[in-house]
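In case you want the letters, here they are:
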Amino acid sequence: MALKTFIEAIRETMAEEMRRDEAVIIMGEDVGLKGGVFLATDGLFGEFGGDRVIDTPLTESQIIGTSIGAAMNGLRPIAEIQFADFIHPAFNQLVSEAARMRYRSNNGFGVPMTVRAPYGGGVHGALYHSQSVEAFFAHVPGLKVVIPSTPYDAAGLLRSSVRDDDPVLFFEHKKMYRSVRGDVPGGDYLVPLGKAAITHPGTQITVIAYGLMAHYALEAADVVAEEGISVEVVDLRTLRPLDKETVLSSVKKTGKCLVVYEDNRFLGYGAEICSIVAEEAFDYLDGPVTRIAGPDVPGVPYNHVLEDWFMVNPEKIADGIRKLAAY
Amino acid sequence: MAATRPGSGATSELAASVGLTDDDLIGMYRVIATARAVDERMWVLNRAGRIPFVISGQGHEGAQAAIAWPLERKKDWIAPFYRSIATCLAFGMQARDILTAQYAKAIDLSSGGRQMPGHYGNVANNLVSLSSPVATQMLHAVGIALAAKIRKTGQVAMTSMGEGSSNQGDVHEGLNFAAIHKLPFILCVENNGYAISVPVERQLATPNVADRASGYGIPGVIVDGADVLGCYTAAKEAVDRARRGDGPTLIEAKVIRLTAHSSDDQQTKYRSAEELAGLTANDPLPRFRAQLKEAGVLTDELESQIAAEVKKDIDEATDFAENAADPDPSTAMQWVFAEQWPGETPPAWGFGGSHGTEGHEGDKSAAEGAVD
Ligand SMILES: Cc1ncc(C[n+]2csc(CCOP(=O)(O)OP(=O)(O)O)c2C)c(N)n1
Ligand SMILES: [Mg+2]
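Line order of the protein sequences matches chains Z and A. Taking the numbering used here as reference, the numbering of the first sequence is continuous, increasing by one, and the terminal residue is 322. Taking the numbering used here as reference, the numbering of the second sequence is continuous, increasing by one, and the terminal residue is 1511.
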C-alpha cells in the first residue's frame, strides 16, 4: 500500500495502462511537455513520446472527434479536456457521435474512449473553471459517467474505463487533486463501473453523493453522529450506469433519503436519484426525498464570499440531515 | 478497336492515359450506372408510398465513383455522407444494401433499420457509420488517419461532404489537425451549389471551398465532377501523397444536384425551370458513357448488357428489401453498450406503454416535414 494523492493515482494509472497496452494514447491541450495544467500527465510525454501523448490545438471538438475516429481504428484514446467547463464545444461529438455510434450501427462500431476532465468549484475558479457538467452527459444513453472520490477508486475506475469498450466520461473534482490522499495498493486491480460503495454505514438516513460531495457527506455524517443521528453514506462512484440496487436497498433500510450534489439544483443529476427513490421505494419512505445542491445561478461566482455562498459544504449537508431527521 | 469485356485485362489509350485498365473504367461505369438506377428506384418507391424518405446522389455519382477508386477496399477507410451511394457501391456495398437501408429492414447493413435512409456505414467495408448533424464525420476520418499513422498501418482515410457542410467548425478543426500531423487524409467536398435552398454565394465568401486549403498549408484541388477521369486523377494523386506521408489534400468536385435536396423538398421554389433544364449538360453518367464509347471501351452491346444486369440486380434487390423482415422491437434495447443494457433494471411495471413489446406500422408522418 502506498499513500497517494488523487492526482498521483490518476497519473500513475494512465502510465500503467499505457505500458500495458500500446493502443492507449493521450490527447489534449498541454498534456505533452508541460504534463497538463494540473500535471495529470506529468512525465508521460517523456516516457511515451509525442506519438502517444499528443498536444492538440485548442480544439475540443477535434480532441473528442478524432478520439472517436482513432478508437474506431484500433486505438484506446484517453482524451483530456482541460476543464470540464470547456467540454461544450465537443458536446455534439459526445452526444451525437460517441454515445450513438454503437446503437446506430447496430453494433458495427464501438468507441472505446475515455474522456477525462477536471470539474467542480471551491477553487476560486469562477463561472468558467468551476462547473459540474455531469447532468448533461448522464442523461444520454450510450455514455458512461464516472466520478471517483478516492485515490483507490480513481485508479480502479480509470483502469475499468480505459478497458471498457464504450465511451466513458471520467470527471475529477479538481479541489481533490492534491487535498485528498489515500492508500492505493500496487497491482492491477479494477473497480467495476456501475457499482456504488457504502462508505459510512448507518441506519436512520441515507445520504447519496459523489465526488467532492461524497467527502463532505462523510464529514456531515460524523457531525450529526454526535447528535445521535445515524447516517448511511452511499458514494455512487459511477453515475451511469447507476447502481440502483445499492441506492434502493439503503433507502429501504433507512426510510429517509437526502441527495447531495454540487451542480445547480434544478434538473441536476441528483434529481433523477430522487425520482427513482420516490418511484421505487415509496412504500419504505418515512419523509420527503430531499436534496442539498448548488443554487440556480448560471455559474459559481468568483468573490470568496459569493463562492462560499454557492458551494455545498458539510454544514449545509448536516443541516439538511437534521431537517430530514426531524420527520 | 474491339470492345473490351470485363476481365479482359485490356488497356485502351484512354485507360492508359490515367494509369488504369479498361476493366477499371467499366467497373467505374458500372458503379455510376448502378448508383443512378438504384437512386431512381428509390424515388419511384417513395412516390409509390413504399418508403417514407429519399435523399439521393444523382449528379454526384461520377465524382464519387472516381474518387473512391484509388482507395483500397477493406484496407483504407471512407466516412461517407448521405449522398454517397456511388461511394459506398465503389467501396464494397451492393444495391441490395442500399435498398434494405431505404426500407430500414432488420438486415440493413448500415444500422439494422435504426437510422433514416442515407445514413450509410458498414464495418466490413471500412465505411464509417454516419449521423445526421453534418460534417461530424470529418473528425472521425481524421482520427482514423491518426490511428493509421500511429499504428503504421499504411491506411488512408477519406471523407466526403457537401460545400454547405464544409463551413462547419469541425472541418476547420479537422483540417488544421490533419495538416499539422501530416495525416493520410483526404477531404472531398462535393460542391453542388446548394445547401438545401441556399446558393453557394451565400454559403462561401470565396469562389471555391478549395481556396481555403492554403490556409492549412495543404493542396486544394478543384475538379469537374462530370469529368470522371479528371476526378480519378486528382484522387489518385491525393492518395499517393497521403500514403507517402506527405499529408492531407482537399479535393473539391464541382457537381450538380439533379434532384431536389430530398423527397421532402420542393426545389422549384428556389431553382428556375431553365436552371433545372440546363443541368443535364453536366450529368456525369451520359458524359462518361460517351467518353468510354468514343475510346472504344464501351460498345452499344456492352452498354445494354450492363443496363440489363443492373436492372435485374435492382429488381431483385427491391423484392428482397420489400420482403425482408422488419427489426423486432424486442431488439431495440440492444447495443446501447457492448454489454447488456439497461444496467439499470427497469421498475417493476416496466418502462411504461408498449415499449419493447410492440412495433408500430411504418409511420410516414414521422419522416415528413423537417427531417432534412
Ligand atoms: C448540423 C446540421 N445542421 C443542419 C442540418 C440540416 N441539413 C441537412 S443537409 C443540409 C444542407 C447541406 O448542404 P451541403 O453540405 O451543401 O450538401 P448537399 O446536401 O448540397 O449535398 C442541411 C441544412 C443538418 N443535417 N445538420
Ligand atoms: Mg451542396
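Possibly wrong hints are sitting among the right ones.
[Claimed, not checked] Partner residues aside, some chain Z positions facing chain A, computed with beta carbon under 8 angstroms:
1. Thr0
2. Gly44
3. Thr51
4. Gln57
5. Thr61
6. Leu70
7. Gln77
8. Asp161
9. Leu213
10. Glu214
In case anyone wonders, no lab produced these hints; they're calculated from the structure. By construction, the Cβ of each residue, glycine as well, lies at the ideal position given by its N, Cα and C atoms.
Hints, one by one, checked against the model:
1. Thr0: This interface hint is violated because 31 angstroms lies over the 8 angstroms limit.
2. Gly44: At 10 angstroms from the nearest chain A Cβ, Gly44(Z) fails the 8 angstroms test, so the hint is violated.
3. Thr51: OK, holds: Thr51(Z) within 8 angstroms of chain A, min 7 angstroms.
4. Gln57: holds, 4 angstroms
5. Thr61: holds, 3 angstroms
6. Leu70: Holds. Min distance 5 angstroms.
7. Gln77: violated, 15 angstroms
8. Asp161: holds, 5 angstroms
9. Leu213: violated, 25 angstroms
10. Glu214: violated, 29 angstroms
Figure legend: structure checked against the earlier numbered hints; hints not met, in rising order: 1, 2, 7, 9 and 10.
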